[in-house]
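Undergrad: Below, each chain spelled out in residue letters.
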Amino acid sequence: MAHAYTPGLKVTEKAVIKKDRRLPLKGQVLVKVGDKVTADQVVAKTELPGNVQTLNVAGLLGILPEDVAGHMIKKPGDSVQKDEAVAISKGFFGLFKSTCNSPVTGTIESISPITGQVILREPPLPVQVRAYVDGQVVQENPGEGVVVETFGTFVQGIFGIGGEVHGQIKMAVGDPSKELTPELITPECKGKVVVGGSLIRIAGMKKAAEVGVSAVVVGGINDADLKALLGYDIGVAITGTEEKGFTLMVTEGFGQMNMAKKTFNLLKSKEGLKASVNGATQIRAGVMRPEVIIPLTDGGQADEAQKQQGGMDIGMAIRCIRQPYFGLIGKVSGLPAELQKLESESHARVLEVTFDDGTKAIVPRANVELIED
Amino acid sequence: MAVDPNKLKVILVTDCGSTTTKAILIEYKNGEYRQTTRGEAPTTVEKPFEDVTKGVLNAVREVEELSGRKILKGDDIMTPAEGMNGVDIYMSTSSAGGGLQMMVAGVVKTMTGESAARAALGAGAIVMDVLASNDGRLPHQRIERIRHLRPDMILLSGGIDGGTVTHVAEMAELIGAADPKPRFGTSYMLPVIYAGNKDAREIVTKTLGEKTALLIKDNLRPVLERENLKPARDAIHDVFMEHVMAHAPGYKKLMAMAHEVPIMPTPGAVGLMIQSLAKADDIAAVGVDIGGATTDVFSVFYGLNEKKEREATFNRTVSANLGMSYSISNVLAEAGLENIMRWVPFELDEADLRNRIRNKMIRPTTIPQSLEELQIEQAISREALRLAFKQHKEMAVGLKGVQQERTISDAFEQTGSGDTLINMMDLNILIGSGGVLSHAPRRAQSALMMIDAFEPSGITTMAVDSIFMAPHLGVLSTVNAPAANEVFLKDCLVRLGSSICPSGQGKEGQPCVTVRFTRADGTKVDENIKVGEMKLIPLGVEKVKAQIIPAKQFDIGAGKGKEMEVTLEGGTVGVIIDGRGRTLLLPTDKKERIRKLNEWNKALDIYPTK
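Going down the list, the sequences are from chains G and R.
Residue numbering for the first sequence follows my numbering, beginning at 811 and increasing consecutively.
Residue numbering for the second sequence follows my numbering, beginning at 4 and increasing consecutively.
Hints are computed from structural coordinates only; laboratory data are not their basis.
In silico lysine-lysine, DSSO-like type, Cα no more than 27 Å apart, as pairs:
| # | chain 1 | residue 1 | chain 2 | residue 2 |
| --- | --- | --- | --- | --- |
| 1 | G | 1078 | G | 1017 |
| 2 | G | 829 | G | 842 |
| 3 | G | 828 | G | 1072 |
| 4 | G | 836 | R | 184 |
| 5 | G | 1071 | G | 1084 |
| 6 | R | 493 | R | 282 |
| 7 | R | 533 | R | 599 |
| 8 | R | 233 | R | 209 |
| 9 | R | 184 | G | 855 |
| 10 | R | 593 | R | 538 |
| 11 | R | 282 | R | 546 |
| 12 | G | 1037 | R | 593 |
| 13 | R | 510 | R | 555 |
| 14 | R | 209 | G | 885 |
| 15 | G | 855 | G | 836 |
| 16 | R | 214 | G | 884 |
| 17 | G | 842 | G | 855 |
| 18 | R | 214 | G | 885 |
| 19 | G | 836 | R | 214 |
| 20 | R | 605 | R | 538 |
| 21 | G | 1084 | G | 1072 |
| 22 | R | 255 | R | 76 |
| 23 | R | 255 | G | 836 |
| 24 | R | 76 | R | 12 |
| 25 | G | 988 | G | 1037 |
| 26 | R | 605 | G | 1151 |
| 27 | G | 1071 | G | 820 |
| 28 | R | 184 | G | 829 |
| 29 | G | 884 | R | 209 |
| 30 | R | 214 | G | 855 |
Far from chain G by the CB rule (all over 10 Å, computed), these chain R residues:
| # | residue |
| --- | --- |
| 31 | 111 |
| 32 | 279 |
| 33 | 429 |
| 34 | 531 |
For glycine and all other residues, C-beta sits at the position ideal for the given N, C-alpha and C.
When you get a sec, could you build the whole thing from the sequences and use the hints?
TA: Here you go:
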């Protein structure tokens, strides 16, 4: 049989993390291999071609498209200022002249004798790519960007919104089962990466935005609250560009769910340290999950004795990711080879899981994920 | 390269899907072509592999293990077959890496814009947007859209031959101003196919010739009354091979492996198979493939052409954001919670359902373990299928903008240009494919999901694709159509049976329809169905002559209250008689609705009883 891939979210205390920092178009790389960089530092920049505006000169001057060129004051390639005249009609005996002004500052790109349209291009838009994490440049892709490497703690979430931010880790609750309520989000949380427990509701999220929290990391959210925050229903899970005042990372899923103890304790042990957080999620080909990266300065050995992705053995820690055991965490205690008939009457490969309270259950292998050490 | 179909006795075909690569082995044994072995492996177009052939080789290795046939020599496929070594031909389809994504542009959205979309969809593309002079957007908004979407190619159409060139020139100027970049690679130019007014070719070449990889083809709407989609479709396929495929990870290697037959976009291949089936039996067919991210609908219906001759029209639509895993939340967004809830046969908290749907979206590979979870998933699938079919009906229309000569009798029929070609009373076969339909634990579940979502009227045969083999067989049909048809009918199609769905409305409990037939073993069936009832009559794979007598306000195909003698086909489910009327209306009262759903489920033996 082909190798069965079992997905898993990475929760690793010590790892070497590489982040590809790439420009959308070719541009200029500002750092070199070996340079130490900070999360805020611009490592590459470029300019995107400016927006395009069309100007219907033929229509505005009441002339034929083929005559537009003869009425232009500006030529292709000329720069123009907003409201500056670009074309002028001849009028009657030099009187009643009409002018056509540029709606934007930019350059004349083309004049069409077929449509009578003049295309204007606005100035280029500068784009800067920052390092995102404190680390070291280990690879340069000339004209395109760099790879920044850091050594630290890496926690992958399941879903998030909002882009790249950073701040100090602050634990807002003492227990992973506690809800992150508005009163726990105090002014001291400003600019911090606030870690909650099992849930944050809309009131809490509004408070986080009001206080100026950098990021919220929490076990679960309710879909209705997410809709209330965004103002719309998410159609497909492609996020990262939302601007709601803070970045949100959910570690377990939708509904009230205790954050996995391991994740919670790991974040707790790093309280006060600087973390980079990205809520961008893309659950399509080229899957992308939200993440928390906490660079460590004490060095040490990476926990690279990671289990090979896909392999599942007895004793491994797993999380159930679908009803009726959704959110429960346990250890694999049996791996029967044969397909088994489920309550739904589907036939599937299953495993036996022993939950933390000692109870056992049979679960389809597709409905669990490995919790990596 | 010409392939001799007679020499093809051992055939290997793969389909590189967005998540799974499926390989099948077809062998000619005992005078017939049969699918003998199947293997699958995760698709490897993404990191860390970024080479589609790795997944292909893994899937083929599984076929090797299961069949005992040695196919690979290193990373090469051995051809031709000698004894238990090698295969005679290897071919492939692909939708990996997001498939073929296109933008199309025309002058008038409902005319050349729609024709361009049909050309692209028929070629197996996902149409990301249709640009038109009258699409209600400002020029800079259209430019932003082109820049933002980064399509694999653009099909530019517009104008009839000899018509005005201004609007075509305007669209070309917008594309030129946008200076679009393709999805794969930054170093090559975006392919643009121009298939519009031939008088505008020079202008288009002047505007786009240096900025894009421009290809000029015959106008796809040379006159208002006729579409000429083939040249544009062929060009799309060529460009797909030369540009898109050649730049996707590992495809050069795959193209070398499958060098005898060009790699085909998966939906294009499925479309070929549906057309081939409809053509072979001269029947109207609808096929649907509901996947994780998208739902494709294919149809072949018949109408009269300009010369008043019966002519088949093929249509394909892709609902890019209606699916059962990645796009499941979009089904919720588009259908609304209430529409999904109406199919759930038990009390369920709305907030809980919302969270469950989101959790499936973020963990798309999970499967329903409990019966409740299965019922929820099948409720959602009904809405995904319904919405996809609604979109299909809106797209599968006669040519718009055409002045038709009408007689008095035509005027009474109230049909005309721009009307949908989909007439459910004319539909002969409805074929379902995709995980939720192909892998439903009970086949009756697939049948009922399709009946609820598509609302077939009259007599319709229903079938499902057993293991999603249609793409493989579609590409095979390009070199050996009889072999593809044979495998399709014998191994791919699982015939579920017939549905009898009278059209009309009545009061619950009133007579609806009477069905009489005699099985091959001599047993007689005489069923009277009341309004609001459903009934399952077991009938194995056999054809029977049946007498169908609808009540006076119901139509079964011959007119209201008129009886018909028809051929009913049995299958793994049997004959389903649906007395719920058309249009299908569910009770609005929640308790009553749940009661009726459970009554119908019980009548058709849809779910196990606890």
